[in-house]
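*Asks:* Chains as they are written, first to last, in the UniProt record's numbering: chain W, 1 to 309; chain P, 1 to 468; chain S, 1 to 225.
Derived by calculation from the structure, the hints in this document are not laboratory data. Just so you know, even glycine gets a beta-carbon here, dropped at the ideal spot from N, CA and C. Treat each hint with caution, since some may be false.
Within a straight-line C-alpha distance of at most 30 Å, the following computed BS3-like cross-link-like pairs (lysine-lysine) qualify [said to hold, decoys possible]:
1. K43(S) x K275(P)
2. K277(P) x K450(P)
3. K71(S) x K376(P)
4. K203(P) x K171(W)
5. K53(P) x K107(W)
6. K415(P) x K450(P)
7. K376(P) x K50(S)
8. K332(P) x K137(W)
9. K261(P) x K27(S)
10. K253(W) x K137(W)
11. K107(W) x K19(P)
12. K54(S) x K376(P)
13. K327(P) x K171(W)
14. K43(P) x K71(S)
15. K332(P) x K171(W)
16. K53(P) x K54(S)
17. K102(P) x K27(S)
18. K137(W) x K335(P)
19. K102(P) x K30(S)
20. K30(S) x K53(P)
21. K332(P) x K43(P)
22. K450(P) x K171(W)
23. K102(P) x K332(P)
24. K137(W) x K327(P)
25. K400(P) x K71(S)
Some chain P residues judged to face chain S by a derived CB distance under 8 Å, without partners named [claimed, not checked]:
26. V62
27. Q92
28. G134
29. Y297
30. G304
Computed far set for chain P versus chain S, every beta-carbon distance over 12 Å [said to hold, decoys possible]:
31. N13
32. Y31
33. K50
34. K82
35. V105
36. A128
37. D202
38. H219
39. K335
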Amino acid sequence: MFEKILFATTGSPECDSAARVAFDMARQYGSQLTLFHVLGIPGKGDSNVVIDIRSGEEVDVDAEYIEGVAEELRTTYAKQLEALPGVTIEVGVGVPSREVLRMARTKDVDMIVLCGPAEGQQAGFYKRGVVGDTLRKVAKAARCPVLTVSRPSASFWGGFSNIVFATDFSKASESAFQFAKTVVQAVDGELHLFHCVDLSRFQSPIALTQDGIEAKLAEARRRLHHEYATQLGDFKRFTSEVWEGTPYVEIVKFARERQADLIVLAHHARDVDPDERPFGSTLEQVIVRASCPVVSVNRPDKLPQAAEA
Amino acid sequence: MPEGIFCNKKPINTEAELKALLSDTRGTKYYEEMLSLEVDREKLWATIQKTCKSRTQTWLDVCARCGLCADSCFLYLVNDCKPEQVPSYKIQSTLGEMVRRKGDVDNAFMRHAMEVAWSQCTCCNRCAMYCPHGIDMGVMMGYTRGLLYSQGFVPWELKIGAGMHRVYRAQMDVTTEDWVETCEWMAEEQQDDWPGLEIPVDKEDADIMYTCNAREPKHYPEDLAEAAILFHIAGENWTVPSEGWEQTSLSMFAGDWEACKLQVENVYAAIDRLKPKRVIGTECGHAHRATVIEGPYWAGRPDGQPPAPYIHYVQWVAEALRTGKLKIDPAKRIKQTVTYQDSCNYIRNWGLAETAREILTYLVEPGYLVEMTPNKEHNYCCGGGGGFNGIGKFRPQRNKALLTKRDQILATGAKLVIAPCHNCWDAIRDLEEEYHIHIDWSFLKPLLLKMVIIPDHLKPQDEEGDEE
Amino acid sequence: MYAFLTGPMLWLSFAICILGCAWRVYKYVKGLNWQLDRVAYGKYPDLAFKGAMKSIFHWLIPFASCSWRAKPVFAAAFFLLHIGLVIVPLFLYAHIMIVAERFGVSWPAMPDGLADILTILSILAGVFILLRRFALSEVRIITTRQDIMIMAISLAPLVTGFVAAHQSGDGNGWLLAHIITGEIWLIAVPFTKLSHAVLFFCSRAQIGIDFGVKRGGQRGSGIVW
Ligand code: HEM
Ligand code: HEM
Ligand code: SF4
Ligand code: SF4
Ligand code: SF4
């Protein structure tokens, strides 16, 4: 289902849960796995010095240093690598989001796995919050699905089975739905279609009356059914639900309630200017809070092919 | 050991040499070898006789030693008015001595001269405006760097930088294939948001040929995407050349005149090949200096002009705003205290002070722009110009130099600094990292993209299915 | 002695001064190189002329350049010194008389009283500038023996001329000293930094053209000195 997986990692303990998911998935689906570490932000004008992502220190990148980093990765993931031969290790220099996207493009991968920011560590060591930034940019621009794991509890034990698909009815959500559908059919799991009516977006008092909200909810239910459920054909193991509130909060609550082991959503089109949002985009918020892996899918280009898998 | 393996008088001409020098981390061995690098006195004197003509000679001779230039130099001021930082002293104790001694100088002298030429002058040319005789230390330091480079006394990073231009015709190892691939990539990445957006490569007879800084494709390709989006919105007929797209010149900072010529001729060849109506360079100061201001002379063009009209990005932006090709949503104008970093290279040395101000009238809500003092043609260098930013050996001096700009910015109370110059942008980023004054800094492109009104026909269809 | 000094020697020193200065200007202009200097000197005559004139005049007029305004005291001293060195001797009655005697050409002179005052101010300004050299560390570090020498050469005729004009009794000794120092002054001009009397115009014109045709003169307001 996922022929090539790119796992972007710093090799630090925060990436352990993501590593587990990446390795497990690669084993389960027979994927070609690439471990990729971007070791630094190019810094300091035209010099060769970069800022190490993990330490925030300046380091000189030369062949020796790169080999050292690769070796470190090999040690960190020694056990997994032994169990899964044929994994490639790559080390890059640059702005992490850019380099991950570049590598994904060069290798034409079907899935990118990222380590999510642990809660409280969102701002990161670096002023700009490299982790959140990477996540946001990769999720927005990647042509393939991007899977993020942030919670240690959110590990992946032998496959997904209980999948939440959260939609804002955008075009990108359609691709996300196709992904969710393929995966759920392949694993023969259960699918939960979900939409949250975003109350914070209604300015007019009329819309906020009980009747107004009811109307929205009804309309959303209709659309869930009409736009998605009808596409499921024979597949009957799905539920569909519409709540109201702040999307990321409700998505996380819903996923908990359904004991989801995977959340699928699009990079919310509404969050056009994440820089302006103090708490980051819906996607980011979901990732930070969810206790299971989160997949963001925006484009139809690299959806898994159910048939041949 | 007269010539070292790494540190010698030979420029870098092959990829192998480049890799070898790069492998000498931080130039440790390079600088060690420099301690015993011999000065070829005959050659030095011969070069001086050939190239030190009446302008430079007169500047050296006629200097009244009046010290008026002292206060004009930010490096003098920021270094607690150390007398050794007086511009006149800096040049007289280096180039002046070299000429007076007819090239008979030793290794220690040359190493000291190197330190002065690259860590005590950013070639910002401010002093030229304050000297009663019009003596321009920036120009003379540039010349001195050339002499030093020809003798092998050049900071490690800049020897590499000049080598990059010689090998790749770019300041970084970005090949033609890398570049073209990056263009495709960026066009593809924007397709969903901007249907019909293209980054046309090698289109002949376009209205605009766009050139940039290799750091953009290498590390910040979204800058290229942003340029493309803005041209797209403005409805420009534009192109990028597959070869000759790199506008910068670290060889200029290094004093490698031969490489400067190679580099700029590469760009001019693209102009000749594609015959665009005009060329627009990215938001970079020294790139403009290298390719538009000095370049024609390196390439031997007596009219001092590139083969086609060649403008800086701020000129295009001002024009696009003026003619309404780009329209700003007044509601989205900047409503926080903001200031503008004048880049020496195209403000003092190319007269765009008012052009930049014109842009600001569109982007900034009236009352929110607070100018630095001094500004416009009289601005101080950001602190990292002339290659200073990139030289590890002189980092402490550079960090000290940043204090000028830090204090200027603090005095404005601005939270955002608009800096349409790569070098200035870097310097301001570094000063934030070094001194934490809680400011933001930005090129024009991202700001424009936040504010520009997108014509309806360019909006993607069915962006959102959700109710409004 | 007196006859020799006011006769052949006077001619000789004038000739040396004038021809020497002309030679310096000639050499300067000839040594300009558009490619090495990276200035298209001849291609934009209008811009070049405008740039050169702006550049010279902003500096020739008191407080017309930013730099003069930034250093008002020094600027004042500078102009007082140069008025004494350039204007006063040109319009001095005694000097005009000598020229009139030899050539028969004459021009209006300034009142002696004014000349006295300007001479004294000029000497004081010269002394001030000299002291400033030692007082300010940024000037001290670039001061050489030559600078003190040329200040001495410049001021000597002023001092001697002033004393000669004002001393009561037999003034021959001072007058002689004045003429000798005056001739040294004249001869020194082309050979020392005093050549700036002409090279100032060359160098300022050059930077004016540089900014005028290349660095911004074609756009905006050009450089503001
Ligand atoms: C080289 C030929 C020169 C000759 C023959 C000459 C001659 C004279 C004479 C005859 C006087 C009048 C003295 C008196 O009234 O007893 C005089 C005064 C003076 N000269 Fe000269 N001079 C010469 C050069 C110069 C030069 C080069 C300077 C200027 C830098 C100069 C500055 C003065 C001044 C300032 C006075 C006194 C003015 C005053 O206070 O009234 N002279 N000179
Ligand atoms: C029209 C002609 C002249 C012009 C435009 C001119 C201009 C200048 C300038 C621009 C300076 C540098 C200012 C400074 O000190 O910062 C200077 C300095 C000086 N000039 Fe002239 N000058 C002229 C003629 C002369 C003459 C004829 C003499 C005397 C022989 C003279 C003696 C000096 C001296 C002694 C200084 C040095 C001041 C110092 O020590 O700082 N100048 N002049
Ligand atoms: S201001 Fe000009 S003349 Fe005066 S010391 Fe500086 S360089 Fe020399
Ligand atoms: S060019 Fe700039 S940095 Fe260099 S001496 Fe002049 S003022 Fe100082
Ligand atoms: S980096 Fe900018 S401010 Fe600094 S010298 Fe260059 S152009 Fe000037």
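*Asks:* If a hint holds in the structure, say so; if it doesn't, say that too.
*Replies:* Quick rundown of the hints versus the structure:
no.: 1; hint: K43(S) x K275(P); verdict: holds (24 Å)
no.: 2; hint: K277(P) x K450(P); verdict: holds (29 Å)
no.: 3; hint: K71(S) x K376(P); verdict: holds (20 Å)
no.: 4; hint: K203(P) x K171(W); verdict: violated (33 Å)
no.: 5; hint: K53(P) x K107(W); verdict: violated (57 Å)
no.: 6; hint: K415(P) x K450(P); verdict: holds (17 Å)
no.: 7; hint: K376(P) x K50(S); verdict: holds (21 Å)
no.: 8; hint: K332(P) x K137(W); verdict: holds (23 Å)
no.: 9; hint: K261(P) x K27(S); verdict: holds (29 Å)
no.: 10; hint: K253(W) x K137(W); verdict: holds (25 Å)
no.: 11; hint: K107(W) x K19(P); verdict: holds (25 Å)
no.: 12; hint: K54(S) x K376(P); verdict: holds (19 Å)
no.: 13; hint: K327(P) x K171(W); verdict: holds (28 Å)
no.: 14; hint: K43(P) x K71(S); verdict: violated (42 Å)
no.: 15; hint: K332(P) x K171(W); verdict: holds (26 Å)
no.: 16; hint: K53(P) x K54(S); verdict: holds (24 Å)
no.: 17; hint: K102(P) x K27(S); verdict: holds (20 Å)
no.: 18; hint: K137(W) x K335(P); verdict: holds (26 Å)
no.: 19; hint: K102(P) x K30(S); verdict: holds (22 Å)
no.: 20; hint: K30(S) x K53(P); verdict: holds (9 Å)
no.: 21; hint: K332(P) x K43(P); verdict: violated (60 Å)
no.: 22; hint: K450(P) x K171(W); verdict: holds (22 Å)
no.: 23; hint: K102(P) x K332(P); verdict: violated (62 Å)
no.: 24; hint: K137(W) x K327(P); verdict: holds (27 Å)
no.: 25; hint: K400(P) x K71(S); verdict: holds (26 Å)
no.: 26; hint: V62; verdict: holds (5 Å)
no.: 27; hint: Q92; verdict: holds (6 Å)
no.: 28; hint: G134; verdict: holds (3 Å)
no.: 29; hint: Y297; verdict: holds (4 Å)
no.: 30; hint: G304; verdict: holds (4 Å)
no.: 31; hint: N13; verdict: holds (24 Å)
no.: 32; hint: Y31; verdict: holds (28 Å)
no.: 33; hint: K50; verdict: violated (9 Å)
no.: 34; hint: K82; verdict: violated (9 Å)
no.: 35; hint: V105; verdict: holds (19 Å)
no.: 36; hint: A128; verdict: violated (6 Å)
no.: 37; hint: D202; verdict: holds (30 Å)
no.: 38; hint: H219; verdict: holds (31 Å)
no.: 39; hint: K335; verdict: holds (28 Å)
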